[in-house]
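2 protein chains.
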Amino acid sequence: MTDRLAQQFSFLQEADRLKTVLRAGRLTDGSRRENSAEHSWHLALYAMVLADQAPADVDLSRVMRMLILHDLVEIDAGDVPIHAAGGTAHASDAQQAAEEAAAARIFGLLPPDQGAAFRALWDEFEANTTPDAIFAKSLDRVQPVMQNIANDGGSWKEYGVTVDQLDSRVGAKIRRGLPAVWDWVRLRALPLLP
Amino acid sequence: MTDRLAQQFSFLQEADRLKTVLRAGRLTDGSRRENSAEHSWHLALYAMVLADQAPADVDLSRVMRMLILHDLVEIDAGDVPIHAAGGTAHASDAQQAAEEAAAARIFGLLPPDQGAAFRALWDEFEANTTPDAIFAKSLDRVQPVMQNIANDGGSWKEYGVTVDQLDSRVGAKIRRGLPAVWDWVRLRALPLLP
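Protein chains in written order, with our numbering: chain A, 863 to 1056; chain V, 863 to 1056.
Since the hints were derived computationally from the structure, they do not count as laboratory data. Beta carbons: idealized from backbone N, C-alpha and C, even for Gly. Heads up, some of the hints might be wrong.
Pairwise CB distance ranges, derived in the manner of DEER restraints [stated by the list, open to error]: (1) V:Pro1053 <-> A:Arg967: 39 to 47 Å; (2) A:Arg967 <-> V:Leu1055: 44 to 52 Å; (3) A:Trp1046 <-> V:Pro917: 16 to 24 Å; (4) A:Glu986 <-> V:Asp891: 17 to 25 Å; (5) V:Ser954 <-> A:Asp1029: 46 to 54 Å; (6) V:Pro1053 <-> A:Pro1056: 21 to 29 Å; (7) V:Ala1042 <-> A:Asp921: 24 to 32 Å; (8) A:Ala1034 <-> V:Leu1055: 37 to 45 Å.
Partial chain A-side listing against chain V, Cβ under 10 Å, derived [as the list claims (entries may be wrong)]: (9) Arg866; (10) Glu876; (11) Asp878; (12) Arg879; (13) Leu884; (14) Ala909; (15) Val942; (16) Tyr1021; (17) Val1025; (18) Trp1046.
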């Protein structure tokens, strides 16, 4: 057990570094940029609160585990703002390769059985095809929208985001998992676009 | 549904403030104090990783939900460092009253059915008598120990923590939920006490 615990705590200590990865968006009080660890916490809370919007075949426990894990690769690969110059709804090949390498290294710190299970959850989230992943991804996309609404437009103004960009880069993924929520949120987002 | 969503997003926006509540301990790189939102994320990850240490009657999904919620009251009531001057293993009556009022206000932002369910999870965590709460509480106590070990003693040195204080304020709760882990961690903590 000692070796297993040593591996587990090595992973948990490495994970601490996600608290220093900064995202484009700010806290709702505008005081500073959000980091990816607290963003992941917020997403798990979003999952709990918006669980009543999930289709019946969604397993909330798996969704929460996916959301807790989903950004760990940013420890090595960084966060790519979805509205940055040249941004699209999809990561570049180089970014995807960097994230794959990060996943291999970081999940590789765990005991092999656990590393494989965590990696499978991350792969499922990234592939975005199962009901759990689609719901999780829609939460990952709607939370920054709500942060920007609270911040009077926030990073949309910084990046000059258009309605088309909001709909294609963000709305399309939110609509897949949270269609009724997207209708509600979009109405409140549009007046704040630059 | 519109009113329900408005209440849910009001709660989720208020929850964002937990990212500005600072704890006594620091990140493992020592760069700054940890906030309670990213601490809660780290605990959910601890729960996933140390799930193989949980008794069979522990429901990991409930544990994760408890951990995501457990510090929200600090938005109003603040974080009380367990090793601060006059600190004990238990919160003061005044602190408990402040946390009860915070729970009423913050969970009260949600639709009533959801607010009651979240409040019940928080009450269960605080009472620390069910298998899920005991496991969750032991994670909440062991993570700061690991942060201090990574920080060469961290807040133990700042507060002049003794072996007896570590055992009574921290070890007793960890031992209830994670007895084998506490044996392993304690050996690594003792040489770093001041």
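Cross-check of the supplied hints:
| no. | hint | result |
| --- | --- | --- |
| 1 | V:Pro1053 <-> A:Arg967: 39 to 47 Å | violated, 29 Å |
| 2 | A:Arg967 <-> V:Leu1055: 44 to 52 Å | violated, 33 Å |
| 3 | A:Trp1046 <-> V:Pro917: 16 to 24 Å | violated, 42 Å |
| 4 | A:Glu986 <-> V:Asp891: 17 to 25 Å | violated, 30 Å |
| 5 | V:Ser954 <-> A:Asp1029: 46 to 54 Å | holds, 52 Å |
| 6 | V:Pro1053 <-> A:Pro1056: 21 to 29 Å | violated, 56 Å |
| 7 | V:Ala1042 <-> A:Asp921: 24 to 32 Å | holds, 29 Å |
| 8 | A:Ala1034 <-> V:Leu1055: 37 to 45 Å | violated, 54 Å |
| 9 | Arg866 | holds, 8 Å |
| 10 | Glu876 | holds, 9 Å |
| 11 | Asp878 | holds, 4 Å |
| 12 | Arg879 | holds, 7 Å |
| 13 | Leu884 | violated, 12 Å |
| 14 | Ala909 | holds, 9 Å |
| 15 | Val942 | violated, 20 Å |
| 16 | Tyr1021 | violated, 21 Å |
| 17 | Val1025 | violated, 21 Å |
| 18 | Trp1046 | holds, 5 Å |
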